[in-house]
Structures are given as structure tokens and as C-alpha cells.
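Novice: Fit chain B to the given chain A structure using the hints.
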Amino acid sequence: MLKDTPPNTFNESDLTNIQNFELIQENKNKLKKDICNIEMKRLSAISVSYIQGISTDIMKMSDEDILSLIEKIR
Amino acid sequence: MSKIEAKASHYFDFLLSAKKVADNEINKTERLQSLKDKKVQKYDNSLGKCNANRFILENREILFGIVHDLYKKTFQEENEGKRAKYISLARMLLSAIQKNKTAKDFCFILETTPALQDMKSYLNVSGVNAVELLMSGYQLETSLSSLKLSGDRVIEIFSGLGVGNKKVNRIEFKKGINDLMELPLFYKGSKRDDDIDFSSLQSFMDSLKNGSITRLDGKAKTLLLTIKNNVLYKKEFELNDNEDIEQFLKQEENSNQWDVYDITFSELNKIIENIVFSIIDKH
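Protein chains in written order, with our numbering: chain A, 637 to 710; chain B, 178 to 460.
The shape of chain A in the complex, shown without the other chains (with noise of 0.2 Å):
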């Protein structure tokens, strides 16, 4: 005798996925590095914003200052 199963707990989509499991978890790792490709991106407009509306002219920054300003961006 099989399992007493609820007939609805496997049907034919559920065979599908297993099928395509493969494509399913490359479906997967590409969205986790499309997110960080995004984030990455954001990122650095965000800190190209912030160069942008620094006040003083980096040309006549000093040097730790520029290296502290190359600290605070992406």
C-alpha cells in the first residue's frame, strides 16, 4: 500500500520543479548576484552624489583628507 497522502500534496507542477530543480537554483544564484551587483551600484551613485555636493574644492584638499574621502566611498 502507498502512503496515506493527501492526494493535492504532490501533483503535476510539483514534478515540474523537481525537473527543472537545476534551472530553479540557477534562477536563484543569479538573482543573489544580480542583488549585489544592484546594491554595488547604488552604492557608488550614491557616493558620486556625495562627491558631488562636498562644499569644498577637492583640488585643495590635503592628502589624508583624500584618503579619508576614498575610505568613505564605494
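No lab work stands behind these hints, which were simulated from the structure alone. There is no bait here: all hints are sound.
A few chain B residues that don't get close to chain A, going by computed Cβ distances all over 10 Å:
#	residue
1	Q253
2	G258
3	T279
4	K281
5	T403
6	K411
7	F414
8	L416
9	N417
10	N419
11	E423
12	F425
13	Q434
Below, a list of computed lysine-lysine pairs in the PhoX-like style, where the Cα atoms sit at most 20 Å apart:
#	chain 1	residue 1	chain 2	residue 2
14	A	K666	B	K215
15	B	K276	A	K708
16	A	K677	B	K226
17	B	K249	A	K708
18	A	K668	B	K216
19	A	K664	B	K213
20	B	K213	A	K668
21	A	K708	B	K250
22	B	K219	A	K669
23	B	K216	A	K677
24	B	K205	A	K664
25	B	K213	A	K669
26	A	K664	B	K197
Beta-carbon label-pair distances, calculated as ranges:
#	chain 1	residue 1	chain 2	residue 2	range
27	A	S704	B	L212	27 to 35 Å
28	B	A261	A	D693	17 to 25 Å
29	A	Q661	B	G242	24 to 32 Å
30	B	M178	A	M676	50 to 58 Å
31	A	Y686	B	K259	26 to 34 Å
32	B	E254	A	D670	31 to 39 Å
33	B	N277	A	L651	52 to 60 Å
Built from N, CA and C at the ideal position, the CB exists for glycine as well.
Specialist: Using the frame of chain A, we list chain B on its own:
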């Protein structure tokens, strides 16, 4: 339980386990998709608030990469002079971003340091900027024979014999001016497969300067260009759609009918005039 029932039960257990794992992955994927959508929205907001020019926006990660490399080199370098040079270069790049400078300025900064010259090839340069850089002499080396930017050959200039064995200088824009015009440039009246010669380009410029409407028949489209108040306007048509063109010309007084070109006339003028002057100098 018969042998076959036991096998079936085992198989079904296996399927249920596989379903659980697959469901789990699907849930994760859905959550990640939702997270990605939110991140994209946040990114769009950040980008919307950023007033930098297109070149900086497109190359910001490369530019910051260079700045961070310089930062690392500063701490690895023991020679004071070299350290100062790295910081100075980083300062110039950051200042160029602060002042919203163009591609030309960034390339000039990179040009000053042999170690950074190669970085130029990683920069994403639009067609207009590519032509501008070409005209400014970057990567020209000793002749106007070729230019490579972003791995693509942008322009090739060569001499040859034209009709009646007349020497002609011909130009083929692989990327630059085609981006500028969004279609291959063929002067009206020239044969479709003719290369442009420089007298035609000069005529083209003269025509624009005189405020008339210039018609260009490309490979796929016909383009009308005109200048009003020093702004370059364009209107695109299906190739040789004379009926539409005539209809348009009847109403052309209305400026709303024209589309503003994404380049000022003076920039276009500079680009094309420089092409001509470069050739005159050469020959």
C-alpha cells in the same frame, strides 16, 4: 506489503523529499526576486537624485575602482614621491567627478600616467564622446589611421582614388558618427554605398550653418536636420517617405514638430569641423 508496493512507496517518499527541496528553493527564489525588486527601486531613487553626466554615471564603478587601486598603491608604496603622485591622481579623478567633467577630461588625467593609460580602454564611451576623443588626439598615436575605444574600432580614415582618378579622403565611422546621427551618413544625391568624402561633410556643415533644412538619406531612415536658436533639431522618417516628409515640411514652422538632438550644434560643429581640419593638416 508486496515487493512492488514497497518499491512504489520508496519511490513516492523519494518524490516527496525532492518536492520539499524544490519547494524550498522556489520560496527562496521568490523572496530573492521580491528583494531584488525593492533593491531596483532603491537604486532607481538613488540614480534619480544623482545629477552627474552620462559618462560619469556609466563609468562610475570603473572610476572608483581606479581610485581605490590608487589608494591601495599609496599604502604599498614606500617611495614618498610615488605616494604623492598616486594621491594626486586620485585627487584629480575625484575632483573631475565633483566638477562633472566630460570623458575627455578623465582620459586626459589617465593619459598623464603610463600605468593608467590602459584604463581608458575599460571606459564606456558613447559615440559622441568617442568622436570628441578622437578629435582631441587621444589614442591617435602617430596617424589618424585608427582608434580603438572600448574594444571597438570607432573610425577608419583612408585615402584612395575616386571618380576620374581624383584622390579622395574617405572616412568610415564604425561607431562614433553613426551614434551621433543614429544612421549611416549619406549625403543626399550620393550613391547609397558611397563613402562620405570630406567636401560633402563640409557642405553638410555649411548647409546646417545657413539655417536650412538638411535631408540625409540613410540605409534605413531619412533624417531631416535643422538649427533653430543654436539648437540642433532632427526629425526621422521611414526611408524616402516623401509624402510624410512633404507633409511635415508644410507644418515645420511649428518647433514642436521637431525633436531636439542630444547634442548642441556647437559640439556637432566642432566634431565635424575638426574632422575636416585634421585631414587638411594631414594632406
